[in-house]
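So for the sequence shown, the working numbering puts the first residue at 1; every next one is plus one.
Treat the hints loosely; a few may be bogus.
The following label-pair restraints were derived from C-beta to C-beta distances [said to hold, decoys possible]: (1) N20 with G43: 16 to 24 Å; (2) E23 with D44: 26 to 34 Å; (3) E40 with S19: 28 to 36 Å; (4) Q26 with R58: 30 to 38 Å; (5) N20 with N42: 17 to 25 Å; (6) R6 with Y62: 13 to 21 Å.
Lysine-lysine pairs mimicking BS3-like chemistry, simulated, CA-CA at most 30 Å apart [stated by the list, open to error]: (7) K29 with K51; (8) K16 with K29; (9) K51 with K16.
Just so you know, these hints were derived from the structure itself, not from any lab. In this text, a Cβ means the ideal position worked out from N, Cα and C, and glycines have one as well.
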Amino acid sequence: MSEYGRGIQQMVEYCKTISNRDERLQCAKAIISTMADMVEQNGDAEDFQQKLWNHLARISNY
């Protein structure tokens with residue numbers, strides 16, 4: 001997804017290499033936080049968070 005840029009893609013690729021599930025989740029949450037800072041929030045905060053998690057799944061090839 002081009003709106004997030006190469007930096008987010010590199011963070012996702014690194015996150016996928018983490019074998020510990022808890023550490024991987026913490027990494028994913030940090031990525032979501034960074035993504036939220038990059039795009040403007042529209043509407044409900046819960047929907048916005050779900051949208052970001054969906055984007056993360058898509059970027060990581062599910």
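Going through the hints against the structure:
no.: 1; hint: N20 with G43: 16 to 24 Å; verdict: violated, 34 Å
no.: 2; hint: E23 with D44: 26 to 34 Å; verdict: holds, 30 Å
no.: 3; hint: E40 with S19: 28 to 36 Å; verdict: holds, 35 Å
no.: 4; hint: Q26 with R58: 30 to 38 Å; verdict: violated, 21 Å
no.: 5; hint: N20 with N42: 17 to 25 Å; verdict: violated, 34 Å
no.: 6; hint: R6 with Y62: 13 to 21 Å; verdict: holds, 20 Å
no.: 7; hint: K29 with K51; verdict: holds, 13 Å
no.: 8; hint: K16 with K29; verdict: holds, 13 Å
no.: 9; hint: K51 with K16; verdict: holds, 20 Å
The structure does not agree with the numbered hints 1, 4 and 5 stated previously, though it agrees with the rest.
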